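Q: Read off the chains here:
Number of protein chains: 2
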Amino acid sequence: LVATICVPDADTAAALEPLVSAASALRVLVWAPKAAAPAGVDAVEFFVPAYQGGVTPSADLALMPHLKVLQVLTAGVDGWLDRLPPGVTLCGARGVHGAGTAELALAGILSHLRQLPRFAAAQQRRQWDRDFTDTLRGRSVLVLGAGDIGQRVAAAARVFDAEVTLVARHPREGVRQLTDLAQLLPSAQIVVLALPSTPETVGLVDAAFLAALPDGALVVNVARGALLVTGALLAELRARRLYAFLDVYETEPLASDDPLWSAPNVVLTPHIGGGTTGWQRAAGRLVHDQVARYLRGEPLANVVTEGY
Amino acid sequence: LVATICVPDADTAAALEPLVSAASALRVLVWAPKAAAPAGVDAVEFFVPAYQGGVTPSADLALMPHLKVLQVLTAGVDGWLDRLPPGVTLCGARGVHGAGTAELALAGILSHLRQLPRFAAAQQRRQWDRDFTDTLRGRSVLVLGAGDIGQRVAAAARVFDAEVTLVARHPREGVRQLTDLAQLLPSAQIVVLALPSTPETVGLVDAAFLAALPDGALVVNVARGALLVTGALLAELRARRLYAFLDVYETEPLASDDPLWSAPNVVLTPHIGGGTTGWQRAAGRLVHDQVARYLRGEPLANVVTEGY
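Residue numbers (my numbering), protein chains in the order written: chain A, 10 to 317; chain B, 10 to 317.
Hint data in this document are derived by calculation from the structure and do not stem from the laboratory. Please note that a few of the clues may not be correct.
Stretch-level coverage of chain B by chain A, calculated; a stretch enters the list once three of its residues show a Cβ under 8 Å from a Cβ in chain A [said to hold, decoys possible]:
1) 132-140
2) 272-281
Every beta carbon over 12 Å from chain B, so not counted as near; a handful from chain A, in silico [what the hints assert, rightly or not]:
3) Ala34
4) Asp69
5) Gly88
6) Val97
Remember, it's a predicted structure, so these values are computed and weren't measured experimentally. Just so it is clear, CB atoms sit at the ideal spot from N, CA and C, and this is done for glycine as well.
With the sequences and hints as input, model every part of the structure.
A: What follows is the structure in structure tokens.
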């Protein structure tokens with residue numbers, strides 16, 4: 010029995026080397042984004058598409074009639090669910106991006122509260138512009154999404170004495186549900202979006218959601234652009250009623266004529282949440298562990314849809 | 010028996026109101042910075058000098074022959090220890106500034122790693138400048154000081170999977186000592202100064218300390234300017250070998266011709282660590298609780314030097 014694994018780059022292939030030597034029955038193909046399909050692609054059982062730089066189009070899966078496992082390296086699996094062939098198990102990359110994405114949310118929150126851009130400008134002017142700044146202490150932070158990203162944002166905010174409320178699609182101990190939002194939004198000074206993009210969450214943050222927030226609230230989106238109705242947010246930003254820190258957008262990359270670039274009260278980053286210099290190492294470890302489980306016939310981790 | 014308490018402002022006096030009604034034997038005087046001494050100052054037993062805006066000069070303590078407790082609102086007590094009259098107990102404000110100061114350290118670290126200033130500039134140019142950024146994941150963070158500030162910095166960094174080492178003047182479980190620094194510095198990618206200013210710590214971060222750090226390391230000072238030899242740091246910054254995030258300085262405010270303003274690789278904030286919009290509330294609670302303990306004859310919290 011030979012298992013054929015297809016990965017997007019040499020680094021990920023290198024992460025499988027310990028398994029190749031332990032089980033000579035493993036064959037590793039590399040299929041880089043936009044490259045032609047490698048020889049032997051029809052034997053692939055376990056496929057790891059590239060993280061970015063041109064997601065492999067759906068046609069590729071048709072080239073793999075023996076596919077059993079699709080292991081994506083993104084935190085979200087939107088875009089894969091609806092083109093998953095029957096019998097294929099889809100696995101996400103929970104834990105690979107969580108820390109980096111949560112960290113970016115906290116960076117955005119702290120930079121906003123402590124007014125780092127204002128002091129950077131004062132530094133340029135060589136000006137000692139001492140003032141009291143806001144802080145997380147006692148601030149009400151609403152975190153939508155209680156997965157790895159949301160839990161980390163909550164834990165870090167609590168270190169600084171914030172009043173954190175976690176909200177998720179499925180209520181559980183210590184986690185409120187989306188239907189409680191009407192009750193929670195009016196006192197939320199900071200809202201962090203850390204939910205996956207699903208039919209339930211697309212467009213969740215619309216004009217009514219935003220209107221329910223108190224004056225001066227900060228909206229942080231490190232999840233998916235589709236969760237937030239950009240036009241509704243723009244209206245609140247232009248009215249200078251709310252603030253936002255955005256890393257993800259309805260269309261990416263953001264076009265150079267997008268009105269967000271020049272809107273007031275908003276800080277934009279170009280979808281850098283999960284893509285950190287540390288993620289590749291973590292992704293390699295995940296792929297190694299998953300392939301090892303697959304070879305031993307053990308249950309896989311991070312299963313989104315059970316197939317085979 | 011009437012206890013006379015002297016506080017720096019009406020807000021702090023208001024925090025004592027519940028005690029005034031419960032014990033009619035309490036008299037509260039307000040002595041604002043730079044104002045003349047209030048009538049009855051010679052009866053003061055418990056004195057709370059102002060946090061900033063002109064620290065009450067040492068002569069004031071001579072006006073209080075019955076002084077038992079000096080409760081400062083700063084995190085550090087440097088400047089008070091050497092002018093404390095005999096028999097007076099000095100209390101610090103541990104917990105009042107810790108969260109805000111630790112939060113600023115984390116803001117500085119995350120803004121540096123995730124390159125927020127770079128993306129702010131790209132936003133100005135309407136440019137989608139996507140790139141992989143650094144992260145706390147797996148990064149070695151050395152926190153000097155294991156008090157409230159240091160512990161919070163450590164806890165938050167660990168939420169994001171940093172490898173944190175705490176170092177303090179007095180070793181204890183899970184905390185290394187200053188004599189271990191020679192061994193710890195060569196692998197420290199981030200160093201956070203969260204130690205009080207004492208004879209042991211003044212000038213601790215000198216040319217030899219900095220030279221022991223690896224290329225590209227970030228030095229964060231949210232403690233006291235005296236811990237760091239500015240000239241030595243400037244040399245490393247100008248050589249573009251190290252980075253720094255500074256909130257405190259050897260002389261404050263920083264003069265407009267100070268070379269730090271225009272040095273490369275450094276972000277400066279004007280001593281905003283502890284002074285947040287939330288601190289006044291927290292300071293009021295601390296003063297309330299301490300006066301309540303004093304009136305009941307209970308041991309005080311945050312005692313730095315036991316006097317009466």
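Q: Hints first: check each against the structure and report whether it holds.
A: Taking the hints in turn, this is what the structure says about them:
Requiring three or more residues with a Cβ within less than 8 Å of a Cβ of chain A, the coverage given for the segment 132-140 of chain B holds, as 7 such residues are present. Evaluation of the coverage hint for the segment 272-281 of chain B: fulfilled, as 6 residues show C-beta separations to chain A shorter than 8 Å, against a requirement of three. With a cut of 12 Å on Cβ distances, Ala34 (chain A) stays outside the contact zone with chain B, its closest approach being about 32 Å. Under the 12 Å C-beta cut-off, the non-interface status given to Asp69 (chain A) relative to chain B holds; the minimum distance is some 24 Å.
The claim that Gly88 (chain A) is not at the interface with chain B holds, since no C-beta of that chain comes within 12 Å of its own (minimum 18 Å). No Cβ of chain B comes within 12 Å of the Cβ of Val97 (chain A); the nearest lies about 29 Å off, and the non-interface call holds.
The structure agrees with every numbered hint stated previously.
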